[in-house]
Amino acid sequence: MNTMLKYSKFALAGVALAGMASAAQAVELNVVSWGGAYTASQMNAYHKPYSAKTGVTINSLDYSGGLAELRAQTEAGNVTWDLVDVVLADAITGCDEGIFRLIDIDKEMAAAPDGTPASKDFFEGTLLSECFIPQIIYSTAFAYRTDAFGGKNPSTMADVFDTKNFPGKRTLQKSPKYNLEWALIADGVPVSDVYDVLDTDAGKDRAFKKLATIKNDVIWWTEGAVPAQLLADGEVVFGTGYNGRLFSAIVEEKQPLAMIWDGQALDIDGWAVPAKGKNVAEVMKYLYFATDTQRLADQAKYISYGPARQSSAPMVSTHATLGIEMAPHMPTQYADQGFMTGFSWWADNGDEMNQRFAAWLLQ
Amino acid sequence: MAEDTVQGGPVLAADGTPLKASLNKAMRKNRIRALLLVTPLFLFILFSFLIPIFDMTFRSVDNWQLVELMPKTTAALADWDGKAIPEEPVFAALVEDLKNGAKSREIGKVGTRLNYEKSGMRSMITGSARKAVKVKEGPYKPQVLKFHRYWDDLETWTVIKRNTAPYTIGYYLNAVDMKYDKQGDIVMQPENQQIYGKLFLRTFAISLGITIICVILAYPISYLLATLPIRYSNLLMIFVLLPFWTSLLVRTTAWIAMLQSQGVLNDLFVFFGLVDDANRLQLMHNLAGTVIAMTHILLPFMVLPLYSVMKTIPPSYMRAALSMGANPLVAFVRVYMPQTLSGIGAGSILVFILSIGYYITPALVGGTSGTLISNQIAYHMQSSLNWGLAGALGALLLASVLVLYMLYNKLVGIDNMRLG
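Order-wise, the sequence lines are chains A and B. Those letters in the first sequence? Residues 79 to 441, by my numbering. Those letters in the second sequence? Residues 580 to 999, by my numbering.
Since the hints were derived computationally from the structure, they do not count as laboratory data. Do not rely on the hints blindly, as some may be mistaken.
Derived DSSO-like pairs: lysine-lysine, alpha-carbon spacing no greater than 30 Å straight-line [unchecked claim]:
#  : chain 1 : residue 1 : chain 2 : residue 2
1  : B       : K710      : A       : K185
2  : B       : K720      : A       : K354
3  : B       : K758      : A       : K288
4  : B       : K678      : A       : K354
5  : A       : K287      : B       : K758
6  : B       : K710      : A       : K198
7  : B       : K688      : A       : K255
8  : B       : K688      : A       : K252
9  : A       : K354      : B       : K651
10 : A       : K198      : B       : K758
11 : B       : K715      : A       : K356
12 : B       : K758      : A       : K282
13 : A       : K363      : B       : K682
14 : B       : K713      : A       : K185
15 : B       : K688      : A       : K354
16 : A       : K185      : B       : K682
17 : A       : K247      : A       : K332
18 : B       : K758      : A       : K354
19 : A       : K354      : B       : K710
20 : A       : K185      : B       : K678
21 : B       : K777      : A       : K287
22 : B       : K761      : B       : K720
23 : A       : K255      : B       : K758
24 : A       : K252      : B       : K777
25 : A       : K198      : B       : K713
26 : A       : K198      : B       : K678
27 : B       : K761      : A       : K282
28 : A       : K252      : B       : K758
29 : A       : K282      : B       : K777
30 : B       : K725      : A       : K282
31 : A       : K185      : B       : K715
32 : A       : K255      : B       : K710
33 : B       : K758      : A       : K293
34 : A       : K356      : B       : K688
35 : A       : K288      : B       : K777
36 : A       : K287      : B       : K761
37 : B       : K688      : A       : K282
38 : A       : K185      : B       : K758
39 : A       : K356      : B       : K678
Keep in mind that this is a model prediction, so the values were computed, not measured.
Construct the entire structure; sequences and hints are all you get.
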């Protein structure tokens, strides 16, 4: 293993030199995020105000999630990313593997305006990793075409799985995550019991069996931009997607779509700092600013994701350009209809479920 | 001349040194020059190709996690007989390893490795490491057994013991749909977990199919290109080369616009009344999408070698055959076609090997029935981060391509392949 790495290190030495040359100049931070409307909201709410205030240049880079690149950078001993926007599940994995830096949330992050320490201000259940600073709460939910069913409006997960009353293609993510949960919810399992049922062999079989009832009507997507496109083109009548992307399709592009909040899967997205980054001290200064109450509330002006601080919620106002109230578009408004992703369940069962799901697709 | 060498020793060059040495000197200069010329390419291939391939292949057998991160447990388990839950000394070693792993924050790698073999071992390890930090003194066994129910399960210890070896065939077993059962014997995966065998077969079947379609489509085009007067054939050649020069991603997304159920092709079919508006054809997100798009993308790799071989066949051969009484079909099949075999061979092997490794097109238009083994490799590289399994799948793919190549060489002979 280690002898192998020496070769890789040597191979990457050239890249490292290029990195060192730029480090000698004024502070520049490489911040990696998901791109599109989401990165734009971060630029407006965090990057621009911070650069204006401190003169630090922030280079915004895009990636499509996952730890593969960062793990490769860490193993090669040349980490060029200073800060990464990650989903909580990746933060947990990366923290366990030592890829991310431990963060003392009360010491290193700002308190709420009323003096509540950060660890109490972030919503309960969002601080599940010691390497993770929550930013937003988002959800993966279904949207449907309002013109597809002749006036009938599906409103529950059972309707999504009901191909008789609501015929047409559906698009789901090509992954067992959430699809198994949704199958159980559609089969009558209460949202609060989903992971208890899924933890049994009978529950797993039940989920796959229910999923099989719509298998022939499903187009599986892998890239986040695809479902909104398929819905807009009329290729599908139901589609899952991140609620922020669906929001921009519905409200900004005025597509004939509507949300089904029932059974929405809530997840948390936030920041993690690569442990071997080159500008850790500078990044922590930036994070202190970018994760305070005001900044998180500002971000909600640009995208319909719920701020992760309780103190930010009352400050959420209207959309920056459209002027509409943002609160009704926040997944946190409908939290009781959905479930929070079972991070530890997926950490343990992800490998097995992914393989079983791939085999199930081939059948 | 012969007498000279016998009488006067070695032949001398004009400056008096032996001819052989002087010749060698001149040759050596040439050799060094040639070597220097290929050095940049050699280094490039070494670092961008050979070392990464070697590295990834090594990862498919490398099992360093427990050996390096749990050295004490590894040593303590060395002469465990595997018949019952181990005794106190092993647990003492385990607690120490867990403490150290929690401190260095690398214990997660052990959990990740073990979770490939048995679901749930990830949280067993990371959870136990957090609890182990608080353990002050022995006896350790009763305390550890309370950490997680798995510690009291013999299978857990069988898995751990197996992975204290520095090398593993576990990833290769996984890559051919096999696994260790509870007792540690090698068995097939249960039916609902079998995937890679089917995917390998499908990849070869689809690649073969695409190669055959390419031959059928490219042969007449190449013939036309080779026989038309140059000003027409140049124009046609541009039609072949233009898509060849266009980005792969652009061509694939163009096919999405063509093939989707609300797309151009289906609209035309509906317009001409070939299909009913309610029953539009599903041309993509399935096998059909992959075959259509990949055939189009790979067609130039068949046309170009065929064309350049056909271009060298003198038309007089056909005329001679005709004048000797063969009808046109016989003349074509018995005189012309055998001379193009080398082009068919070259094109086929190019198209076949390219399609075996195809990744982005099947990912975009293949749905579930049209994805290939490379999509699974990419998944394990990027999403599941199981690089050992990705390495094993990649090595198997590489090995099977090499075997096929050697078979081809045996049957057709690689010397008979001509690219022009």
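Hints versus structure:
1. K710(B) with K185(A): 24 Å, holds
2. K720(B) with K354(A): Violated, at about 36 Å.
3. K758(B) with K288(A): 28 Å, holds
4. K678(B) with K354(A): 22 Å, holds
5. K287(A) with K758(B): With Cα atoms ~25 Å apart, K287(A) and K758(B) stay inside 30 Å; holds.
6. K710(B) with K198(A): 24 Å, holds
7. K688(B) with K255(A): Satisfied, since the Cα-Cα distance of roughly 22 Å is no more than 30 Å.
8. K688(B) with K252(A): 26 Å, holds
9. K354(A) with K651(B): Distance of about 28 Å is within 30 Å: holds.
10. K198(A) with K758(B): 46 Å, violated
11. K715(B) with K356(A): Outside the cut-off at roughly 37 Å; violated.
12. K758(B) with K282(A): Satisfied, since the Cα-Cα distance of roughly 21 Å is no more than 30 Å.
13. K363(A) with K682(B): 26 Å, holds
14. K713(B) with K185(A): 24 Å, holds
15. K688(B) with K354(A): Given that 30 Å is the threshold and the Cα spacing comes to 17 Å, the pair holds.
16. K185(A) with K682(B): 21 Å, holds
17. K247(A) with K332(A): 21 Å, holds
18. K758(B) with K354(A): 36 Å, violated
19. K354(A) with K710(B): Distance of about 27 Å is within 30 Å: holds.
20. K185(A) with K678(B): 25 Å, holds
21. K777(B) with K287(A): 22 Å, holds
22. K761(B) with K720(B): Holds. K761(B) to K720(B) sits at ~22 Å (cutoff 30 Å).
23. K255(A) with K758(B): The given pair, whose Cα atoms are some 24 Å apart, holds under the 30 Å limit.
24. K252(A) with K777(B): Holds: K252(A) and K777(B) sit about 18 Å apart, inside 30 Å.
25. K198(A) with K713(B): 25 Å, holds
26. K198(A) with K678(B): 29 Å, holds
27. K761(B) with K282(A): 21 Å, holds
28. K252(A) with K758(B): 25 Å, holds
29. K282(A) with K777(B): Cα-Cα ~23 Å, so holds.
30. K725(B) with K282(A): 27 Å, holds
31. K185(A) with K715(B): Answer holds: K185(A) to K715(B) is near 28 Å, not above 30 Å.
32. K255(A) with K710(B): 29 Å, holds
33. K758(B) with K293(A): With a Cα-Cα distance of about 28 Å, the restraint between K758(B) and K293(A) holds, given a limit of 30 Å.
34. K356(A) with K688(B): Judged against 30 Å, a Cα distance of about 23 Å means the pair holds.
35. K288(A) with K777(B): Distance ~24 Å between K288(A) and K777(B) Cα, so the pair holds.
36. K287(A) with K761(B): 27 Å, holds
37. K688(B) with K282(A): 27 Å, holds
38. K185(A) with K758(B): Distance of about 47 Å is beyond 30 Å: violated.
39. K356(A) with K678(B): Roughly 28 Å between the alpha carbons, so the hint for K356(A) and K678(B) holds.
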